[in-house]
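Participant: In case you want the letters, here they are:
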Amino acid sequence: MSRTATYHTTVAWKGEHWGHLVMGNGPEMDFSAPPDAHGHADVFTPEDAYVAAANTCVMMMFIWATERFKLKLLSYECRTEGTKLIELDRTEIFTRLHFRPVIRVAANGDTAATVEARVRRALQSAQKYSLVANSVKSEIVVDPEIVIEP
Amino acid sequence: MPEYLEATVDKFIFRVASDRLYSPDGVWAFWVESQGNGQVRIGLTDYLQQLNGDVAFVHVKPVGTEVAVGDEVAELETIKANVSLCSPVSGRVAEVNPDLDLSPEVVNQEPYGKGWVAVLETTNWEADRAKLLDPQAYLSAMRSQAEEELKKQ
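Residue numbers (this note's numbering), protein chains in the order written: chain E, 1 to 150; chain C, 1001 to 1153.
Next comes chain C alone, as it looks inside the complex:
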């Protein structure tokens, strides 16, 4: 179980797992495998899942799909919105979370655990990771994003 950093914004508490890296738009990347070019597991942050609401469907690109940083790797249909999930790294889809088909709510229930979205075989990890945020930096960025949301009247 990872340890978490927490930010309270308004009445909401958002957790950030301290054992992985983050894209500024709320996708985490967790290094899981060092064989070959290496693999990272990706998923939504707690903030991103709370912001978009109950997940109804998750459509992940098929295994074997090549993605560059910023390419859509999955689309989520929630009760409130359609959300495009952009890949935080370049690589190839190696695995899709099989639980998402029948139980997409795991994304809401365990965004850093059973609610992972895909495993990507990386092709440029060292360069990509340098552009990702560490947990503390993501916490600050996420807090700013949440506070901006609150300013909308």
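Next up, chain E with everything else stripped away, as it sits in the complex:
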């Protein structure tokens, strides 16, 4: 197993505050900055990309973890907020990523307590092994709502 892999994206300026993004895995789209940073509404932004990268990566890792932990996942939905801080020198940083996953899992014959403990361990593993979550320096907070269906 190789220990390294590379991924790429390409951006090109389209004039004014617009750009075009081509992702290594295929999709492409226009992007801008958010409206509060001299950009446009209703388009992809770097801020969205950062939060989405973490949110999507943790979700995919959680899906993998549920398979390894033999959980019967019924649904997963997660709103994640990134908190931006404007420093005294006017540099900006995402200080925090706050995940609020709502997870429904079938008990599948086990007790609710046993299944919930396994879901929490799967979530911890998802965060630990998520490439993106493991790469960022923002604080990561996960507040799950776990529902065990009989």
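Rather than coming from a laboratory, the hints here were simulated on the basis of the structure.
As the structure is a computational prediction, the values presented were derived from the model and not from experiment.
Be aware that a few hints might be false.
Unchecked claim - Label-pair restraints from in silico Cβ distances:
no. : chain 1 : residue 1 : chain 2 : residue 2 : range
1   : E       : 35        : C       : 1150      : 42 to 48 Å
2   : C       : 1003      : E       : 21        : 54 to 60 Å
3   : C       : 1010      : E       : 145       : 33 to 39 Å
4   : E       : 86        : C       : 1012      : 34 to 40 Å
5   : E       : 29        : C       : 1012      : 37 to 43 Å
Virtual Cβ for every residue (Gly too), placed ideally from N, Cα, C.
Based on these hints, arrange chain C on the given structure of chain E.
Facilitator: Below, chain C alone, put in the same frame as chain E:
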């Protein structure tokens, strides 16, 4: 509490308990009982548990199962891999760690303590122990294995 030897490889620190013997593939054997043929407790080394990641399930052969040196005595399912744990001694499974069923993460948290896997009643301890590594020898072998892993690109 055992004392530990430590090896730092890349950014990782691996501990080796100084009070037991080791198979080269990362299973420790700790002499616990001298009645009858004797018993050894076995488990994973710190290196082996870190190498394979968070443990989800541990399946140990049932009590009474006879094993020879190198036979699979347990299978671990981790977040990253399925790991076959080979017995470092010949004998019979006398006890399985009851905590592994509900809290398999103890293997990661305390590999040399509460995360033990099984107790084996030995049948050929004197001959088997002669083939096991002392802590210093295992530390060197483990360091070489870790450095080989790092060379993979």
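Participant: Against which earlier hints does the structure fall short, listed by number upward?
Facilitator: Result: no hint breaks.
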